[in-house]
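If you're matching them up, the sequences are chains A and B in order.
Numbering-wise (the working numbering), the first sequence opens with residue 11 and increments by one.
Numbering-wise (the working numbering), the second sequence opens with residue 57 and increments by one.
Some hints could be false.
Said to hold, decoys possible - Taking lysine-lysine and the DSBU-like style, the derived pairs with C-alpha atoms no more than 35 Å apart in a straight line are:
1. K54(A) / K24(A)
2. K114(B) / K124(B)
3. K24(A) / K125(B)
4. K125(B) / K67(A)
5. K105(B) / K124(B)
6. K125(B) / K54(A)
7. K54(A) / K124(B)
8. K19(A) / K54(A)
9. K105(B) / K67(A)
10. K162(B) / K19(A)
11. K134(B) / K114(B)
12. K134(B) / K124(B)
13. K24(A) / K134(B)
14. K124(B) / K24(A)
15. K105(B) / K165(B)
16. K165(B) / K24(A)
17. K105(B) / K134(B)
18. K24(A) / K105(B)
19. K165(B) / K134(B)
20. K67(A) / K165(B)
21. K67(A) / K19(A)
22. K24(A) / K162(B)
23. K19(A) / K125(B)
24. K114(B) / K162(B)
25. K162(B) / K105(B)
26. K67(A) / K54(A)
27. K162(B) / K134(B)
28. K114(B) / K24(A)
29. K162(B) / K125(B)
30. K114(B) / K125(B)
31. K124(B) / K162(B)
32. K114(B) / K165(B)
33. K124(B) / K19(A)
34. K124(B) / K67(A)
35. K162(B) / K54(A)
36. K165(B) / K125(B)
37. K105(B) / K54(A)
38. K165(B) / K54(A)
39. K165(B) / K124(B)
In short, the hints are calculated from the structure, not lab data.
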Amino acid sequence: NAGVTQTPKFRILKIGQSMTLQCTQDMNHNYMYWYRQDPGMGLKLIYYSVGAGITDKGEVPNGYNVSRSTTEDFPLRLELAAPSQTSVYFCAIPTSSNTGELFFGEGSRLTVL
Amino acid sequence: AQSVTQLGSHVSVSEGALVLLRCNYSSSVPPYLFWYVQYPNQGLQLLLKYTTGATLVKGINGFEAEFKKSETSFHLTKPSAHMSDAAEYFCAVPTQGGSEKLVFGKGTKLTVNP
Numbered sequence: 011n012a013g014v015t016q017t018p019k020f021r022i023l024k025i026g027q028s029m030t031l032q033c034t035q036d037m038n039h040n041y042m043y044w045y046r047q048d049p050g051m052g053l054k055l056i057y058y059s060v061g062a063g064i065t066d067k068g069e070v071p072n073g074y075n076v077s078r079s080t081t082e083d084f085p086l087r088l089e090l091a092a093p094s095q096t097s098v099y100f101c102a103i104p105t106s107s108n109t110g111e112l113f114f115g116e117g118s119r120l121t122v123l
Numbered sequence: 057a058q059s060v061t062q063l064g065s066h067v068s069v070s071e072g073a074l075v076l077l078r079c080n081y082s083s084s085v086p087p088y089l090f091w092y093v094q095y096p097n098q099g100l101q102l103l104l105k106y107t108t109g110a111t112l113v114k115g116i117n118g119f120e121a122e123f124k125k126s127e128t129s130f131h132l133t134k135p136s137a138h139m140s141d142a143a144e145y146f147c148a149v150p151t152q153g154g155s156e157k158l159v160f161g162k163g164t165k166l167t168v169n170p
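Isolated chain B, as found in the complex (with noise of 0.2 Å):
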């Protein structure tokens, strides 16, 4: 079964420096990828996804993440972290077998330091 692993709970940059957040999927290929943004006291919403073609993916607020298929990764990253951007992100991909069912990672939560 598909599977999402998502390495480090919290991760804290300062304003200004470079934004990684890691995913890792297992197993065969998915379709697709997805990264998603819950701010706090809020629900998700999509920050970017991958389907087809490039495998540079961008997204809203300045973030992009690259489809690795030899790394089985979908890292998420930004340049230049702002305050703005403290919030839990979440990879996510489909299940095998339909239903449109998604997997979630367990989330990494940003802080952004002044």
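Here chain A stands alone, though its shape is the one from the complex (with noise of 0.2 Å):
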């Protein structure tokens, strides 16, 4: 997926570990989005930036944090890892439609032990 790289692909972390899941555009969009995929509830918005230095809450914040300190980069940070953060999390930027349609990056799946 162009446009849009995340790493890792995978992690096993134990329960109070930290990490940082990094996304990075090279579409320079002032929007970038995380999202976390659960089995069986599809994709839930976690925070979203609508430019460098500008960070919202989305509908399931708790447990994370994000900086957004330049255009390209839009890392998401779990401080404490718990089980409940065991998921498939995916970047996301417009495309050029201005329609609200997003590009995602491959996904970074996180599983917390």
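Two chains, each in its own frame: build the complex with the hints.
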């Protein structure tokens, strides 16, 4: 998926550990989003950003933090990992259609044991 | 607030049979509607979208969807299922209030039997 790069693709964490999921885009979009996907639950918005230095909570922000120091990067941080954060995380940016359509990264699969 | 309901978390069809995946949206008429597809162990990709104009929208891989305002629906269909259509399908609409946020349905997992 050209345009949005997520790392790592897979990670196993122990309860209480912290980590950062990286998201980088090369499309120079102001808007960036983090979603989590859980089986049978669809995608839920965690945090989003409308530009460098500006972030806001989505539907399920508890347990996460974000920052947006540059247009390109939008890292998602888990400070104290919990089993409930076992999920697949997707970073996304808008397409150029101006319709709300999103372009997704390949995802990061996180397991907390 | 805008929400999306997908009826049927799992749908199973035979190869060559009609595929019908249901999506209903709530409250006000959304300006846009989307169907995304997720193949096993992959990310989401756009299948089709409704923006303006014709209410019957054609997408990739022979799928199409019809926006019916009177029924608040945007059901996805394909006349003849193929084994490669096995995937999870998500309906989505923009939230109100800008910021281009999307609200997703819970998804429908399509199984195609030989």
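Worksheet item: Does the structure keep K165(B) and K24(A) at a Cα separation of 35 Å or less?
Response: 30 Å, holds
Fill in: 35 Å limit on alpha-carbon distance, applied to hinted pair K105(B) and K67(A)
Distance of about 26 Å is within 35 Å: holds.
Worksheet item: Is K67(A) within 35 Å of K19(A), Cα to Cα?
Response: The given pair, whose Cα atoms are some 24 Å apart, holds under the 35 Å limit.
Fill in: Satisfaction of hint between K165(B) and K67(A), Cα-Cα up to 35 Å
29 Å, holds
Worksheet item: Do the alpha carbons of K105(B) and K54(A) lie within 35 Å of each other, as the hint requires?
Response: 20 Å, holds
Discussion item. Check the hint pairing K67(A) with K54(A) against an upper bound of 35 Å on the C-alpha distance.
Written reply: 11 Å, holds
Fill in: Restraint status (C-alpha distance of K134(B) to K124(B) at most 35 Å)
Roughly 17 Å between the alpha carbons, so the hint for K134(B) and K124(B) holds.
Worksheet entry | Restraint status (C-alpha distance of K124(B) to K24(A) at most 35 Å) | Status violated; Cα separation ~48 Å.
Worksheet item: Taking only the CA atoms, is the gap from K19(A) to K54(A) under or equal to 35 Å?
Response: 19 Å, holds
Worksheet entry | Restraint check for K162(B) with K134(B), where alpha carbons must lie at most 35 Å apart | Since the Cα atoms of K162(B) and K134(B) sit roughly 20 Å apart, the hinted pair holds (cutoff 35 Å).
Worksheet item: Has the given pair, K24(A) with K162(B), been kept, meaning a C-alpha gap of at most 35 Å?
Response: 28 Å, holds
Worksheet item: Is the straight-line distance between the alpha-carbon of K124(B) and that of K162(B) 35 Å or less?
Response: 20 Å, holds
When the structure is compared with the earlier hints, violations turn up for hints 3, 13, 14, 18, 23, 28 and 33 and for no others.
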